[in-house]
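Respectively, the protein sequence lines represent chains A and B.
The first sequence begins at 1 in this note's numbering and counts up by one.
The second sequence begins at 1001 in this note's numbering and counts up by one.
Think of the hints as simulated: they come from the structure by calculation, not from any bench.
Don't be surprised by glycine CBs; every beta carbon is placed ideally from N, CA and C.
Careful, some of the hints might be misleading.
The calculated lysine-lysine pairs, modelled on DSS-like cross-linking and capped at a C-alpha distance of 30 angstroms, are [said to hold, decoys possible]:
| no. | chain 1 | residue 1 | chain 2 | residue 2 |
| --- | --- | --- | --- | --- |
| 1 | B | K1129 | A | K151 |
| 2 | A | K144 | B | K1151 |
| 3 | A | K130 | B | K1101 |
| 4 | A | K129 | B | K1106 |
| 5 | B | K1048 | A | K48 |
| 6 | B | K1048 | A | K151 |
| 7 | A | K151 | B | K1004 |
| 8 | B | K1129 | B | K1144 |
| 9 | A | K151 | B | K1101 |
| 10 | A | K4 | B | K1048 |
| 11 | B | K1048 | A | K132 |
| 12 | B | K1144 | A | K14 |
| 13 | B | K1151 | A | K48 |
| 14 | A | K101 | B | K1151 |
| 15 | A | K130 | B | K1048 |
| 16 | B | K1132 | A | K64 |
| 17 | B | K1151 | A | K106 |
| 18 | B | K1116 | A | K151 |
| 19 | B | K1129 | A | K132 |
| 20 | B | K1129 | A | K106 |
| 21 | B | K1129 | A | K116 |
| 22 | A | K144 | B | K1132 |
| 23 | B | K1004 | A | K132 |
| 24 | A | K129 | B | K1132 |
| 25 | B | K1116 | A | K130 |
| 26 | B | K1048 | A | K116 |
| 27 | B | K1144 | A | K144 |
| 28 | A | K116 | A | K151 |
| 29 | A | K144 | B | K1129 |
| 30 | A | K129 | B | K1048 |
Partial selection, computed: residues in chain A whose CB lies under 7 angstroms from chain B [unchecked claim]:
| no. | residue |
| --- | --- |
| 31 | Y43 |
| 32 | Q45 |
| 33 | T146 |
Protein chains: 2
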Amino acid sequence: MDSKEVTFRMATEKDLDSIIQMLSDDVLGSTRERYEQPLPDSYLQAFKSIDSDPNNELVVACYKEEIVGVQQITFIPYLTYQGGWRATIEGVRTAPAVRGKGIGRKLIEWAIERAKERGCHIVQLTTDKKRKDALHFYEQLGFKATHEGMKFHI
Amino acid sequence: MDSKEVTFRMATEKDLDSIIQMLSDDVLGSTRERYEQPLPDSYLQAFKSIDSDPNNELVVACYKEEIVGVQQITFIPYLTYQGGWRATIEGVRTAPAVRGKGIGRKLIEWAIERAKERGCHIVQLTTDKKRKDALHFYEQLGFKATHEGMKFHI
């Protein structure tokens, strides 16, 4: 494949099956997701919540007719930094068949450009310390691991 | 002061001056914020964006007539974890006069309860690695530093 032919757009409900398949086909996702037919309704409900919120964007990378990558960007207004907006990236995944082709890099670069358009001053994300390659990947893109990412499971 | 008398509520525009004063009176915030009269308009604009968004809540801790703590909670729908919602906490601050009185703990406990009410399965936050005490504080509350918190300044 030629990664120059990869395009990016907002996800639609029709993409949901491909997206959930990608989320499931992942070392951590495989223990958390349920990719089955029909898809559990909770995925559709979450998609609708994301899709109807102007501060959430679910972005897919497409190669020809195929969905080969996904990420979610959330735009958040904060009082800190004199009332600055931030973009939070989450759920970045690429299809196994296209790994190593630079799709992940293009996804994040796309998110940074989108964050600029939206007037954000910071792009942020957390990455599981178990994903050893991911830290290096994000550092190469200019991210700095200045913070601890802390989770509390209810 | 008796911390049992501390109450929590959504912030209003009238609280903005006290909140910005707290954000500025902080080792990292002092280099980032501009607490002056009149307040820079960017704070008011950010407040309005937060206040009008049902997925963002700016919460203040009050003791008698005074604002003694603040935090922002953002509720985000995700496809991951079978379409689970998360609560992200940011901008947690307490007034210098009340530090060590358990107000910070009560703020976070309040956020966790609120996250439960909103059907979230994870409460998450990032804390600057320079804030040595904060990591321990959040760990005591049950948070685990499983992730790297990565920032990209535009």
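Hints and how they fare:
Our distance criterion of 30 angstroms between C-alpha atoms is met by K1129 of chain B and K151 of chain A, whose separation comes to about 15 angstroms. Distance restraint check for K144 of chain A and K1151 of chain B: the Cα-Cα separation of roughly 5 angstroms lies within the 30 angstroms cut-off, and the hinted pair is therefore satisfied. About 36 angstroms separates the Cα atoms of K130 of chain A and K1101 of chain B, which puts this hinted pair outside 30 angstroms; it is violated. For the proposed pair K129 of chain A and K1106 of chain B, the alpha carbon gap of about 29 angstroms is at most 30 angstroms, so the pair holds.
A threshold of 30 angstroms between alpha carbons decides the hint, and for K1048 of chain B with K48 of chain A the separation of about 25 angstroms falls inside it, so the pair holds. Proposed proximity of K1048 of chain B and K151 of chain A is supported: the alpha carbons are some 28 angstroms apart, at most 30 angstroms. Annotation: proposed proximity of K151 of chain A to K1004 of chain B holds, straight-line Cα distance about 27 angstroms (limit 30 angstroms). Under the criterion of a C-alpha separation no larger than 30 angstroms, the hint pairing K1129 of chain B with K1144 of chain B is consistent with the structure, at around 14 angstroms.
Restraint check for K151 of chain A and K1101 of chain B: the C-alpha separation of about 24 angstroms stays at or below 30 angstroms, so the hint holds. In summary, the hint linking K4 of chain A to K1048 of chain B is not supported, as the alpha carbons are separated by about 41 angstroms, beyond the 30 angstroms threshold. Between K1048 of chain B and K132 of chain A the CA atoms are separated by roughly 40 angstroms; this puts the pair beyond 30 angstroms, and the hint is violated. Distance check on the hinted pair: K1144 of chain B and K14 of chain A sit about 36 angstroms apart at the alpha-carbon level, beyond 30 angstroms; violated.
Annotation: proposed proximity of K1151 of chain B to K48 of chain A holds, straight-line Cα distance about 28 angstroms (limit 30 angstroms). For the proposed pair K101 of chain A and K1151 of chain B, the alpha carbon gap of about 24 angstroms is at most 30 angstroms, so the pair holds. The straight-line distance between the Cα atoms of K130 of chain A and K1048 of chain B is roughly 39 angstroms, outside the 30 angstroms bound, and the hint therefore fails. The suggested pairing of K1132 of chain B with K64 of chain A is violated, with an alpha-carbon distance near 49 angstroms, which exceeds 30 angstroms.
Proposed proximity of K1151 of chain B and K106 of chain A is supported: the alpha carbons are some 18 angstroms apart, at most 30 angstroms. With a C-alpha separation of about 14 angstroms, the suggested pairing of K1116 of chain B with K151 of chain A holds against the 30 angstroms cut-off. A C-alpha spacing of about 19 angstroms is found between K1129 of chain B and K132 of chain A, which places the hinted pair at or below 30 angstroms, so the restraint holds. Distance restraint check for K1129 of chain B and K106 of chain A: the Cα-Cα separation of roughly 29 angstroms lies within the 30 angstroms cut-off, and the hinted pair is therefore satisfied.
For a cut-off of 30 angstroms, the pair hint linking K1129 of chain B to K116 of chain A stands: about 26 angstroms separates their Cα positions. Proximity of K144 of chain A to K1132 of chain B is assessed by CA-CA distance (about 18 angstroms); at most 30 angstroms being required, the pair is judged to hold. This hinted pair does not check out: K1004 of chain B and K132 of chain A have alpha carbons roughly 44 angstroms apart, beyond 30 angstroms. In summary, the hint linking K129 of chain A to K1132 of chain B is supported, as the alpha carbons are separated by about 19 angstroms, within the 30 angstroms threshold.
Using a Cα cut-off of 30 angstroms, the hinted pair K1116 of chain B and K130 of chain A holds, with the two alpha carbons roughly 27 angstroms apart. The straight-line distance between the Cα atoms of K1048 of chain B and K116 of chain A is roughly 21 angstroms, inside the 30 angstroms bound, and the hint therefore holds. Pair hint K1144 of chain B plus K144 of chain A holds up; C-alpha atoms about 20 angstroms apart against a cutoff of 30 angstroms. Among the hinted pairs, K116 of chain A with K151 of chain A is consistent with the structure: their alpha-carbon atoms are about 28 angstroms apart, no more than 30 angstroms.
At roughly 11 angstroms between alpha-carbon atoms, K144 of chain A and K1129 of chain B fall within 30 angstroms of each other, so this suggested pair holds. In summary, the hint linking K129 of chain A to K1048 of chain B is not supported, as the alpha carbons are separated by about 36 angstroms, beyond the 30 angstroms threshold. Satisfaction of the interface hint for Y43 of chain A is found here, the shortest Cβ-Cβ separation to chain B being roughly 5 angstroms, below the 7 angstroms cut-off. Evaluation of the Q45 of chain A hint against chain B yields a held restraint, the C-beta minimum of about 6 angstroms falling below 7 angstroms.
The interface hint given for T146 of chain A holds, since its Cβ lies 6 angstroms from the closest Cβ of chain B, which is under the 7 angstroms cut-off.
Consistency note: the structure conflicts with the earlier hints numbered 3, 10, 11, 12, 15, 16, 23, 30.
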